[in-house]
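Participant: On the provided structure of chain A, position chains B, C and D as indicated by the hints.
Protein chains: 4
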Amino acid sequence: MIRTAIIGGTGYTGAELLRLLVSHPEVEIVTVSSRSEAGTAVVDAFPNLKGYLDLDFSDPSDLLDAKPDLVFFATPHGVAQAMMNDIASAGVKVIDLSADFRIKDQALWEQWYNQAHQSPEFIEQAVYGLPEVNRAAIADASLVACPGCYPTSIQLAMIPLLEKGLIDPASIVAYSGSGVSGAGRNAKVPYLLTEASENFQAYSTAGHRHEPEIVQGLRAVQSETDKPAEVLFLPHLVPMIRGIHSTVVADLVDVSADLQAVFEERYAHEPFVEVLAAGSHPQTRYVRGTNSCQLAVHPRGNRVVVLSAEDNLTKGASGQAIQCMNIIYGLEETTGLNTPAMLPG
Amino acid sequence: MIRTAIIGGTGYTGAELLRLLVSHPEVEIVTVSSRSEAGTAVVDAFPNLKGYLDLDFSDPSDLLDAKPDLVFFATPHGVAQAMMNDIASAGVKVIDLSADFRIKDQALWEQWYNQAHQSPEFIEQAVYGLPEVNRAAIADASLVACPGCYPTSIQLAMIPLLEKGLIDPASIVAYSGSGVSGAGRNAKVPYLLTEASENFQAYSTAGHRHEPEIVQGLRAVQSETDKPAEVLFLPHLVPMIRGIHSTVVADLVDVSADLQAVFEERYAHEPFVEVLAAGSHPQTRYVRGTNSCQLAVHPRGNRVVVLSAEDNLTKGASGQAIQCMNIIYGLEETTGLNTPAMLPG
Amino acid sequence: MIRTAIIGGTGYTGAELLRLLVSHPEVEIVTVSSRSEAGTAVVDAFPNLKGYLDLDFSDPSDLLDAKPDLVFFATPHGVAQAMMNDIASAGVKVIDLSADFRIKDQALWEQWYNQAHQSPEFIEQAVYGLPEVNRAAIADASLVACPGCYPTSIQLAMIPLLEKGLIDPASIVAYSGSGVSGAGRNAKVPYLLTEASENFQAYSTAGHRHEPEIVQGLRAVQSETDKPAEVLFLPHLVPMIRGIHSTVVADLVDVSADLQAVFEERYAHEPFVEVLAAGSHPQTRYVRGTNSCQLAVHPRGNRVVVLSAEDNLTKGASGQAIQCMNIIYGLEETTGLNTPAMLPG
Amino acid sequence: MIRTAIIGGTGYTGAELLRLLVSHPEVEIVTVSSRSEAGTAVVDAFPNLKGYLDLDFSDPSDLLDAKPDLVFFATPHGVAQAMMNDIASAGVKVIDLSADFRIKDQALWEQWYNQAHQSPEFIEQAVYGLPEVNRAAIADASLVACPGCYPTSIQLAMIPLLEKGLIDPASIVAYSGSGVSGAGRNAKVPYLLTEASENFQAYSTAGHRHEPEIVQGLRAVQSETDKPAEVLFLPHLVPMIRGIHSTVVADLVDVSADLQAVFEERYAHEPFVEVLAAGSHPQTRYVRGTNSCQLAVHPRGNRVVVLSAEDNLTKGASGQAIQCMNIIYGLEETTGLNTPAMLPG
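Residue numbers (the working numbering), protein chains in the order written: chain A, 1 to 345; chain B, 1001 to 1345; chain C, 2001 to 2345; chain D, 3001 to 3345.
In case anyone wonders, no lab produced these hints; they're calculated from the structure. Certain hints may be false.
Over 12 Å on every C-beta distance to chain B, these chain D residues come out as not near it, computed from the model [what the hints assert, rightly or not]:
1) ALA3082
2) SER3204
3) LEU3252
Subject to a maximum C-alpha distance of 35 Å in a straight line, what follows is the list of computed DSBU-like cross-link-like pairs (lysine-lysine) [stated by the list, open to error]:
4) B/LYS1188 x D/LYS3050
5) C/LYS2164 x A/LYS188
6) D/LYS3227 x D/LYS3188
7) A/LYS67 x A/LYS50
8) A/LYS188 x A/LYS104
9) B/LYS1188 x D/LYS3188
10) A/LYS164 x D/LYS3227
11) C/LYS2050 x D/LYS3067
12) A/LYS227 x D/LYS3164
13) B/LYS1067 x A/LYS164
14) C/LYS2164 x B/LYS1227
15) B/LYS1050 x A/LYS50
16) D/LYS3104 x D/LYS3050
17) B/LYS1067 x B/LYS1050
18) C/LYS2188 x A/LYS50
19) C/LYS2104 x C/LYS2067
20) D/LYS3104 x D/LYS3188
21) A/LYS227 x D/LYS3227
22) C/LYS2227 x B/LYS1164
23) C/LYS2050 x D/LYS3093
24) B/LYS1104 x B/LYS1164
25) C/LYS2164 x D/LYS3050
26) D/LYS3093 x D/LYS3104
27) B/LYS1227 x C/LYS2227
Counterexamples of contact, computed for chain A against chain C with all Cβ distances above 12 Å [stated by the list, open to error]:
28) ALA107
29) VAL180
30) VAL221
31) LEU252
Note that beta-carbon positions come from the ideal geometry of N, C-alpha and C, so glycine has one too.
Isolated chain A (complex conformation):
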């Protein structure tokens, strides 16, 4: 059994980790920490876990007393950085769901997150946790930086095209919609049911923190001789709890390519990427609560439109983190992640 610890267990990615890990056959949850809730029962915050988890929240400072093999950070940015040195020194592996170690360019990170990086010495060794690209590196990693929700959906949509040089890398526009849980479990007026339901809007149109991560990820799969990818990322808030859908458009450099075949071949052996039949439309409800990403590719004249649907808290966060854990420990990659979505639901 893998002794796992979760730091920041009171937010939505923490809740999703707990939901999935209590059913994982190879995992023992040894501690769940929350500075604000230390000493209270986890099931008081998450009554859905009654009967599945009998732990109190611990203080983060007591983390190593629980002797974990692996720590998941489900915290806002800045927290993992501050604790990283102690944990690494103890030989404990880390899967960080926050943005702390995703960006390789420290200055770029500091610009977008508006603070000094607290443990830059770990940036280089951090492995970007997108299994469809980095499976081998993840297997050997001590520190995995899990991708953001939007970046996962957009990278999976564009990687097959960029790897083969089929699109103009400067032409990518990614129009995405996210459920409200993407804003976290934060009590803010705009996310009240009374304000966010019966509404649809764009936000951060001037620029969003996930944009540099998307660009970095796309460039990582390009041939070195290609001009580097650029992305215009346009996020929207959708009146639903969970789900991300991205509609990504790019200019084709070769309109004769069999794009459907390109996608099917690229993801033929990926357990969590489903390439739909030509002409299909992914729907977020079909992947709700699962670690799957549905893709559909639509050629439109000299452009291509790729549609991508995932659950922002599962494949976009906690499910993908567990997929990375499975890879690290040599388990079947789908372990603990193989239940279908509810329908209706």
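Facilitator: Below, chains B, C and D alone, put in the same frame as chain A:
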């Protein structure tokens, strides 16, 4: 492995059976029938099952060719009645999720369902599939009549009180709210998102088909010397997909009884009934997609208010049907039903 | 033109007052105050008012400088009490949408609101602003205490029966469901879309602040010789923005009465109460954003069930306040309140 | 008073016309026809109109007996074509909300709507009812073809840029999201609350009927020497009742232009187009139930992103139709359309 067949696999209770059964370790789904969809892939109707179930819908007339051990009927009323004789003759067990065999009084059934019963000879042997009351009989049953969604929530709320004679049996008023999936997968204008969201209303206030079933179930647990239970049942339509919540009020005959203790003792060994701490309020989201029913008991002067929350498609239908199957086959009762609800979600 | 001021213009009842008053032909809004937002434009908080209202929020202490004829308090309880003396001294009329002056029994108010009343000398003169009962008194009032949202829906449902002594006054059970706006514009986790949608639950089952107000209102219409009305009030939270629906049950003392006729006669001349045809079910969407209350009466054996639907922010708060204003100033009662609900919507 | 008739009064655009027209001070509704509902009261279909409209649905064949001055068609495509000749012969004006006369190229219409046009002789005289472009022609029109919901939102977003030649006309990509009412009042499974809520998806990615209308409208405002506009239109279904939001991206030909000023000047005198401050994000809730369109322009390097929000049933259909009627009859353009959106709501 239990060879199971599902008849009526295109509705919501059929979909829920499929979702749960594909993860059940002791079940093999041998056929899923639908007269209207015969020959098409099940995953075309339910894309969430892609990778979990590789079957085409069959014609119901070919049912026995699949050599099932057990048949689930997830059909409108009237269908199970018509096929019952053939299936029983073949020695195959039946769990019927429809109303066909729930009511012991044939005339009463015919009055509420406005048609002649087509196989009354099976009514007597049918076991009402509420494990919290009928566990032993279910274990030996050849035909289980699964309770309706509302009746489950209301019976679980009142049984502890009626068994001990703590309330006036004529005083029960049950105010319930159901998600829209309770209306089935039927394309009718009132259930469109545009009509049913941002709305709340009562319906069938003059009388609802579940009322006689509730009354029959409550009387079955009363002492013979008590006056028979009556229920004023008041259903409401809630703008959400899943969930039933009942608020049941009755007059106490003994205001000194420790009602919290009565409930805790009654359900101490029930895996799917959770009695919340005094003063609590069940929420449908905490049991969404699970087979659990949350109960809370609130004494209010000379009355008692019992709150009850379940998922109408799981404990209120398909989950309970699988619980019954587990009992019949001597499995751990929670087999295939032991995953927590998603939160948020 | 009536010079009106609104205190507490940043909450939902304030927003609803503003929406309605900008279209009211006899009203000029002279000031809108908010301590926290003083100096910022009202349209920054409420972009829907762009082009309809060109004012900045003022500080409440500057209220009388605007020389209002009438002040609406759309504030939490406690605020109107503190300012009442100054306003009354200036000869300005007050319509208070908060709970400050609704309860005639000062000790009862202090018990439920857990604080000392700050201006008890105004309690007696305050007129309870339910036009269907108090029209004449409202016309002459200097201080109107507007009814709460739940109390309005339940009183309108029971008044015809209590006035004629047709029910047992001790038998009333009122089950109500409210949209989330009933909780105000408060950033709290349980009211986030992610927590409150796809959920249904009871709350305050042990007792709710509106209960004494309901009881006081019902007793006010009873014959003095009747035993005083009691109400078991059971509120629920419905996953929608607006609307209140009450299902009120009582024991009939005379099962032969023509209840439909009783209701139709009682409300024959009420512009905002609509008695639906026998057998009907009110729906909150049909009165959304309007000042109407739909009622339907269903006899069920020796009980009666009355269904009642209103918009909690309109007939349950701001619309009713304007109706009272119209009465005070001798206007047609429907002035500024005569637009139909949107459908769908 | 303008004697108006509505054909097809049972759908959502018909309902919205009725809601708005009953409050219009210069309009008398003389007949509302529906073939399927002829003889039943309009308020039975739309209980929100109780007290506002006392008419039965008439048969469309009796239309002219009501002696209307103006007929609104709120019908599926094909109906207005079939009746046009009779109505025009009687000298009655027509405002058609369907697609029948929007497309000037008959062959193109027949290709997208897959049927022969039944009255092509009226195509040329039909005036496209977008007041922001065609005000003068609308004033003199006998037949107005009202724009579709998506085309209105996208044209208003792009017209200022195309008129001044500021963008590459071949580079336009329009991502739009619509509430479910855009699918009409049709009982189809995908639009049930159980299927459409908690979901987000693209649809018609291969091509949508509104695309040729958008292209025609954009080309109409271009300089003749420009290369003709092309649009990649990508519609999405949003889990809400009402609202359309478009995010339109194009390549700038001159990155130094003051785009904010261009938009503000273009729409300075338009009563129903609101150009938000730089950096803003339109929200569909702020224009819900109103005839306004909110726009915001965001330069992003060598591209421009224009955000556009409207109510699909109001500015996207029935409100715009009434705006056209006001223009035809020389009324203030905002007559009957000047009420703010509800908030929350």
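Participant: Does D/LYS3050 sit within 35 Å of C/LYS2164, going by the straight-line distance between their CA atoms?
Facilitator: 28 Å, holds
Participant: Does D/LYS3188 lie within 35 Å of D/LYS3104 when you go C-alpha to C-alpha?
Facilitator: At roughly 31 Å apart (the allowed maximum being 35 Å), D/LYS3188 and D/LYS3104 satisfy the hint.
Participant: Given the hint that A/LYS227 pairs with D/LYS3227, test it: the Cα-Cα distance must not exceed 35 Å.
Facilitator: 28 Å, holds
Participant: Any Cβ of chain C at or closer than 12 Å to A/ALA107, or is the non-interface label fine?
Facilitator: 34 Å, holds
Participant: Under the criterion that the straight-line Cα-Cα distance not exceed 35 Å, is the pair A/LYS227, D/LYS3164 satisfied?
Facilitator: 32 Å, holds
Participant: Holds or violated: C/LYS2050 and D/LYS3093, Cα atoms, limit 35 Å.
Facilitator: 34 Å, holds
Participant: Just to be careful, I want the Cα atoms of B/LYS1104 and B/LYS1164 compared with a cutoff of 35 Å; is the pair within it?
Facilitator: OK: B/LYS1104 and B/LYS1164 at ~24 Å, within 35 Å.
Participant: For a C-alpha distance cap of 35 Å, please report whether B/LYS1227 and C/LYS2227 respect it.
Facilitator: Given pair B/LYS1227, C/LYS2227 holds - Cα atoms ~28 Å apart, limit 35 Å.
Participant: Keeping to a limit of 35 Å between CA atoms, is the pair of B/LYS1188 and D/LYS3050 held or broken?
Facilitator: 23 Å, holds
Participant: Would the hint linking C/LYS2227 and B/LYS1164 be met if the CA-CA limit is 35 Å?
Facilitator: 32 Å, holds
Participant: Please work out if B/LYS1050 and A/LYS50 have their alpha carbons no farther apart than 35 Å.
Facilitator: 30 Å, holds
Participant: D/SER3204: least C-beta distance to chain B exceeds 12 Å?
Facilitator: 18 Å, holds
Checked against the numbered hints given earlier, this structure breaks hints 5, 6, 11, 13, 16, 29; the rest are met.
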